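**Q** Single-letter residue listing:
Number of protein chains: 2
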Amino acid sequence: MNETISLPRTPKAIDLASLDALFRPRSVAVIGASANAGKIGGLPIHYLKRAGYDGDIYPINPRRTEIQGLKSWPSLAAVPAAVDLAVIAVPAAQVREALLVVAAKGTKSAIIFSAGFAELGADGVRLQDELAAIGRKAGIRLLGPNCSGYANFANGAWVTFAPLLEEGQDSVGNVGLVSQSGAFANFGYRVGRNRGIRFSQWLTTGNTIDVDIADGLAFLAADENTKVILVYMEGCADGARFIEALALARARRKPVVVVKVGTTEAGAAAVSSHTAALAGEDSVFDAVLRQYGAYRARSVEELFDIGYAAANGTLPNSAKIAITSISGGVGVLLADEAATRGLDIAPMPEPAQAALRELVPFAGTRNPVDVTAQVINDFDLFDRSLEVVLQQGDYDMLVCFMGYLGLSKEYGPRILPLWESVRRRHPERTLAVATLFDPAIRQALEEAGHLVFEEPTHAVRALAALRHFAESFGRADGAAVSRPPGLLSLPAEAGPLNELDSLAIVQAAGIPTIGAIAVGSAEEATQAFRRIDAEGGRRAVLKVVSRELPHKSEAGGVRLGICSEEEAGAAYSEVMARVAQRAPGIAVDGALVAPMAEPGIETIIGVHRDPVFGPVVMFGLGGVFAEVLRDVAFRVAPFDVAEARRMIAETKASAILAGARGGPAVDVGILAQALADLSRFASAHAERVESIDINPFSVGPTAACALDAVVVLRGE
Amino acid sequence: MNETISLPRTPKAIDLASLDALFRPRSVAVIGASANAGKIGGLPIHYLKRAGYDGDIYPINPRRTEIQGLKSWPSLAAVPAAVDLAVIAVPAAQVREALLVVAAKGTKSAIIFSAGFAELGADGVRLQDELAAIGRKAGIRLLGPNCSGYANFANGAWVTFAPLLEEGQDSVGNVGLVSQSGAFANFGYRVGRNRGIRFSQWLTTGNTIDVDIADGLAFLAADENTKVILVYMEGCADGARFIEALALARARRKPVVVVKVGTTEAGAAAVSSHTAALAGEDSVFDAVLRQYGAYRARSVEELFDIGYAAANGTLPNSAKIAITSISGGVGVLLADEAATRGLDIAPMPEPAQAALRELVPFAGTRNPVDVTAQVINDFDLFDRSLEVVLQQGDYDMLVCFMGYLGLSKEYGPRILPLWESVRRRHPERTLAVATLFDPAIRQALEEAGHLVFEEPTHAVRALAALRHFAESFGRADGAAVSRPPGLLSLPAEAGPLNELDSLAIVQAAGIPTIGAIAVGSAEEATQAFRRIDAEGGRRAVLKVVSRELPHKSEAGGVRLGICSEEEAGAAYSEVMARVAQRAPGIAVDGALVAPMAEPGIETIIGVHRDPVFGPVVMFGLGGVFAEVLRDVAFRVAPFDVAEARRMIAETKASAILAGARGGPAVDVGILAQALADLSRFASAHAERVESIDINPFSVGPTAACALDAVVVLRGE
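If you're matching them up, the sequences are chains B and E in order.
Each residue of the first sequence is one higher than the one before, counting from 120 in my numbering.
Each residue of the second sequence is one higher than the one before, counting from 120 in my numbering.
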C-alpha cells in the first residue's frame, strides 16, 4: 500500500494568524467617531465600553477632544501607539482616503461599515475593488464594506453598530455565527437568543472584498470558545477556501449548520441579480456540505434549532433512538419523523418490554413506548419506566413527549426532579424533552443537560442532526486518497478528444475500459476482429472515430454484433462510406473495433468543472434515472472509495445495483473504485480537464467497463 | 351529454341531526358528579358554570343533595325533565350499568370519559363492543370511551375534564379541532392559542365506538361558527364516511388541515399496536386528502400554523406571489420556498420595476423585491414601494420580511401604521408580514387583517396552503362523474379471469383495448390472422389463454411478430405444445390472436380494493418508474377526467408523456379518460372487483390501448 496523501486542491489560502488582529484586537480606533451613542460612529464605542472591552479605544474625530468620556484623537496618525484594528465609519466617498491613512499607520486590519459600494452597481464595484487593492498592498485584512462588523463575546470587542446587540449578553457562549448579511445577522441574533442560544462570536462579512465566509468559518473553527458554527451565505466565490474551512471545522469536531439561499432557479436568479458572488450550482453546493459533514438548514428556525441542539446536546454514539410519549399517537408521529430521517427505532428487547408491562400494564412497549396517562398521576412510575427504556433498551438517544404537562400547575413542578433523576443515572445519553414549558422549568432542564423543544417533531429532527454530526466526525477524511494520482501527459490542445483517445485517458486513470483497437482499413478491421475473437470469442462492434461526430449512431457510424472476420472488414467499408455520405466534410480518425460488452447495468459517470468548486464527479444510472429524474449524486474531487460508496447510496437508483427488479447484484466496489480513481485523476489534472463523460460505464456482478467516453480538455 | 350524476360510494352514513343533542345540548346530566371541581366528575360542572352554559345542568350523585351550588339528583331517572346529554364519569366497570340507565331515560347522547376499554386489550374491546351495542339499540350517540369530551365555545357547553381549558376563552372563535387523542387535544389547544388561534369547537373522540373523526369533521363542516377545521387522527376505519365529511367541508369551502400519524412502516406498526383502528395504506390516505382538497400537515406546529393562516387570511385568486424583503438574501430564501411549493413568483412588469428604481435606486426590482435598508429610515418610501409592487405588479399575495424591525424601539411602532395604510388600499389581498414582534404590535397587525409570522419561510408555506384551498374550492367536484357507469353482468365466481375475459370486461368499461380474437385451433388462428391482416396489415401476436398461468412468456406461451397465415397456424400448435410441456396440468382456455401494438409509452393502470377506502385507482409509467421508484399516483374511485389529469400530473414520470427524452408527446386526454372510466367501473362494481391490472396500457400520440389485463373478482 502506498502512503496516504492529501491532495491539495489549490494552494492553502486561509491565513488564520492574520485574522487575529481583526477579531481579537488589543486596540481599536474608530475613524468617524461620534459622541452620539446612537450613531454608526458612536455605537461601537458605546458597545466596547459597555461590554468591558479590555483593550485600548481610540476615537478619531478632528472636531472633538473627548468622545463618550474618552480622549478623541484628531487623526489615526496622531495616536501614539500601534493600533490593531481601525473601524471606518465615514461616508463611502471618504473611505478610500481613510484606508490610505490606515495603511500608512501600519494597522493590519480594518472594518468598513460604510455602505455604497457593490450593492449600488458598477461604480460601486470599481470603488471597492480599489479598496481591496489598497488593502492587499498594505497587508491589511479588510472586513466589509457594507457590513455590520462583529461582536466577540469573549473579550468584549463588540465592533458593530447592530441595534439588536443593545440587550447584550453577560458572558461568553459557545455558538459562533457568521453571516454575509447584516440584516440576517441582526434577526438571527435575536431568534437565536430566543431559542436559548448563547453566542461566542457574531460576525458579518458584507460585500466581502477580503475577509469572507470561509475566513469567518475557519476563524470560528479555531476559536476556543466556539463549539458550534452557524453560517448564513448567499454565494461562494472560492470553493477551495470554503472547503478548507469546512474541513478545519470537521477536524475540530465542530458541527456546522448552513443556510445558503438560492436553491431553486428562481432563487438563484435573484441572488445573481443582487450580489456579485457566484451562487454555484446548488446540487454541487449541497454535495459539498454532505461530503464535509455540514448540515444544511432550510429555514431560519431550523438553523437555530439545530444550532441549539448541537451546542447543548451530546453527540450520540449510534442511531438508536427511544421514543417515549404520554400520547401513543404522538409517539407514532415521532417514529415517522425518526424513520424519515434515518434514525434506528430499534424495538425494545423482549425482557425490557415485559419489565415495562410489569410497571405500566397497558403501556405500548415496543418503541415508540406509550407510557400512557397512568404515569402522569405517578411520576415515580414515570421515572422507573424511563429507566427500563434507557437501561435495558440501551438507546443512545431518547425523546420524550410530555404534552401540556410543562404548563400544568399540578404536574409542571414535578418535571425537573424527574429528569434530574434520569440525568444523574445517564450522564452520557442524549435526552430531549418536548412539552409546553414554563420558562423557568425550561431553563432549569437545560441547565441539567437536557434538550427542550415545544414542537415534538423538531426534537427528533435535532437528534437526527446530532447523529449526522457524530457519524461525520467519526469517519476518515474522504478527501485523503490512498494512491498518488499518476500524472499523465495530455494533448496540449483544447476541445473534445475522440473516443479512442478518451478511452485511453480513462484507462490510464485506472478505470477499466473496453479493449478498443484502432483500425484504419478493412484489412485492419479484419485483424482486429481476429484478436478479439482469439481472446474470448465474443461478438464485436465497429465504430467510426471522430471528435467531430458526437452522435455516431445517427450518422450510421456504428455496426453492432459482428460475428466474423469477413463481417468486420465489410463493416469497416460500409460504415466509412455511410459516414462520408451522411456527415460529409467532417474529420474522421479511422474506426475502432471492440468486443461487445458483457451484460451489465449501465451507469453514467463523469466530471464537470464547477466554476466555484472545480472538478466535480457525477454518478447516476443510465436511462430515465439520470436523464428524466435527475437522480444523480455529486462529489467534489478528490475522494476515496468510502466516500464514493456514500455517493452511490445517495441515489434512489442504487437499489437496482443491489439487485432490485430481479436482476443480479453487481459489484458496487468496482464502481466505487472507478469513481474514486476518476476523482483523483480529475483533481490532479484540474487545470486541464473541462469535462469527462463515461456513458455508459457498464457494471456487472464481477467486473465493470467503460464502453464509451468523451474527454474535453482546456488549453494549457 | 348525459346528465351529471354523483355515484354514492356507500349509503350515506353521517347523521348530522343526531349529533345536535350531543354537541349542542340544551341540558347535561353528569353521572358520577363530584363536588371537587378538580376531579373528573367535578370539572365538567365547574366548566359549564364558568363558561356560562345556557342549558340545564343535572349533577347525578346519590350521596349528595347539592354539588357545586347545584341541586344534585340521586339518579338520572329522578331528573324531572328530558336530558339531551349524559356524561358518564364513573369507573369502567360501572359504565355499562350507567349506560342502561341513560337508555331507559330516553336520553339520546352520552359521553363516556372513563378509560379502561380497548386501550387495555381484548377484554376492554369486548366491554366497549357491548356499550356500542346498547347505544345502537337505544339510538344513543356515544362519544368515547376514553375521551376528554368536548368544548363548544359558542354556547358554553364545555363538557370536558381537560385541564388546559382552565384558562378558558372569552368568546367564540372560528377554528374547530377534532382529535382522536385527548393528550394531543390538550397540547394542541395551548399550541393553537399561543399561535393566535381562537377555537369555535374542541372535540375529542377517544376510542370511537360510535361518534368518530368523520362525524366530528362533518359536524364542524356544518357548524356556523367554524371557518377552519383541524384534525388529528390515528386511523380511519370507514373511508366512505371520512370522504363524505371531507366532501361536505369542501362544499362549504372550509379549509381542512390534517395530522395523521403512521406514515412510515415503523409508524404504522406502532399505530396498529396501540389502537384498534385500521391505519389504511398511507399513500392512499394521502391521495384521498389531495383529492378532496384537504392539507396534510407533518408536525403539530404546521397544523396550527396553517390553521392560523386559513382562519385569518383571504384565500388568494391566483398563485401569484410578491416577495419583498429588507434583506435581499432572505428574499431569495423565500423565493426558493415559494418555488418549491408551486407558487408563481411572477416577475414585476418592467414599468413597475422602473417605478421602483425611481423610488429606491438600488432596489432589487424583479421579484423577490429587495427594498434595501434604505426604506428603514423612510417608512413613507417603504409604503410607496409596497404600493408599486401591489398596484402595478398585481399580485394576489404578498409576503414581506422585515427582519428584527418589529422588536426595534425606534422602528417597531411605525410598522402598524405602514401596514394599516397598505391594507386600506388593498382590502382583498393576502398580506403576510414576517418579523420578530412585540406582542402588542403583532395583535394589532392581526386585527388589521394581516397574517404575521416569526419564521419567514413559514409565511410562504402558509400562503401556499391558502392557494391550495382556493384552488381546491374553485374546481368542480371530481367525484361527480358525467356518464352513468353502465352496470355489467360479471361472472359469479371469485378469482382471476383469463386474459380474454379480462380484456372484454375492460373494454366494456369503456377502455380501448387491443382487438384480441379467441382461437381454439391452428385453423382458427389462421383465420384470425386473416381478419387482422385485412384490417390493417399489422403483424400479430399469439398468446395462450389461461387463468392459471400469470407468466405466459416464461412458459413459452407467447409468440410475437407473426407475419403470415401459415405462421399463425404453426404458432398455435407450437405454443400449445410448449405450454403443455412446460406447465403440465394447468387449465388452458385456448389462445388469442391480436395485432401487435402500435409504438407507444407503456403505462400501468389498475384498481385495488383498499380495506378502508374501497376501490382505489392507480396510475404509473411502466418500467422502473412504477416498479423501482414507486412513482405512482392513487385516487379513490370514482373521479372525473379533470381529477385523472391531476393524478397523472402528480407522477414525476408525467414529463415523459409530454415528450421528455426526445419522444413524441402522447395523448394524455385518452389516458385520463381511461382512468376515469376505470374508476367509474370500479365504483359501480365495488362489491365484486378485487383488483384490475392493465399492464401495459400503451399510450401513443393519438390513440391508446390496453394490451394485457387481469381482472380478479370477489365472490357474489
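These are computed hints drawn from the structure, not numbers from a lab.
Just to be clear, a hint being listed does not mean it is correct.
Note that identical chains are pooled: a pair holds if it fits in a single copy or bridges any two copies.
What the hints assert, rightly or not - 27 Å max Cα-Cα, derived DSSO-like pairs, lysine-lysine:
{"#": "1", "residue 1": "K256", "residue 2": "K346"}
{"#": "2", "residue 1": "K528", "residue 2": "K158"}
{"#": "3", "residue 1": "K168", "residue 2": "K528"}
{"#": "4", "residue 1": "K528", "residue 2": "K439"}
{"#": "5", "residue 1": "K671", "residue 2": "K224"}
{"#": "6", "residue 1": "K346", "residue 2": "K224"}
{"#": "7", "residue 1": "K224", "residue 2": "K256"}
{"#": "8", "residue 1": "K671", "residue 2": "K346"}
{"#": "9", "residue 1": "K224", "residue 2": "K190"}
{"#": "10", "residue 1": "K168", "residue 2": "K158"}
{"#": "11", "residue 1": "K671", "residue 2": "K158"}
{"#": "12", "residue 1": "K158", "residue 2": "K771"}
{"#": "13", "residue 1": "K439", "residue 2": "K190"}
{"#": "14", "residue 1": "K168", "residue 2": "K190"}
{"#": "15", "residue 1": "K224", "residue 2": "K158"}
Bear in mind the structure is a predicted one, so any value in this text is a computation, not a measurement.
**Q** Regarding K168 and K158, is the shortest C-alpha distance of 27 Å or less found within a copy, between copies, in both, or in neither?
**A** within (15 Å within a copy, 58 Å between copies)
**Q** Within a copy, between copies, both or neither: which one fits K346 and K224 at a CA-CA cutoff of 27 Å?
**A** neither (36 Å within a copy, 69 Å between copies)
**Q** If the cut is 27 Å between Cα atoms, do K224 and K190 qualify within a copy, between copies, both or neither?
**A** within (19 Å within a copy, 92 Å between copies)
**Q** Classify it for me, K671 with K224: is the Cα-Cα distance of at most 27 Å met within a copy, between copies, both or neither?
**A** Cα proximity of K671 and K224: none, with 67 Å in one copy and 90 Å across.
**Q** Check K224 against K256 for me: Cα-Cα at most 27 Å, and say if that holds within a copy, between copies, both or neither.
**A** within (14 Å within a copy, 97 Å between copies)
**Q** Reference check for the pair K528 and K158, CA-CA at most 27 Å: within, between, both, or neither?
**A** Classified as between; 15 Å across copies, 47 Å inside a copy.
**Q** How do K256 and K346 come out at 27 Å by Cα distance, when the copy is not named: within, between, both, or neither?
**A** The answer is neither: 35 Å in one copy and 67 Å across copies each exceed 27 Å.
**Q** Within a copy, between copies, both or neither: where do K439 and K190 come within 27 Å Cα-Cα?
**A** neither (61 Å within a copy, 57 Å between copies)
**Q** State whether the alpha carbon distance between K168 and K528 is at most 27 Å within one copy, between copies, both, or neither.
**A** between (43 Å within a copy, 22 Å between copies)
**Q** With identical chains, the pair K671 and K158 could be close in the same copy or across copies; at 27 Å between alpha carbons, which is it: within, between, both, or neither?
**A** Neither. Shortest intra-copy (70 Å) and inter-copy (84 Å) distances fail the 27 Å Cα cut-off.
**Q** Pop the pair K158 and K771 into one bin, within, between, both or neither, using alpha-carbon distances up to 27 Å.
**A** Classified as neither: same-chain Cα gap 55 Å, cross-chain 55 Å, threshold 27 Å.
**Q** Taking 27 Å as the upper bound on the Cα-Cα distance, should K528 and K439 be classified as within, between, both, or neither?
**A** Intra 34 Å, inter 47 Å, cutoff 27 Å: neither.
Checked against the numbered hints above, the structure breaks hints 1, 4, 5, 6, 8, 11, 12, 13 and satisfies the rest.
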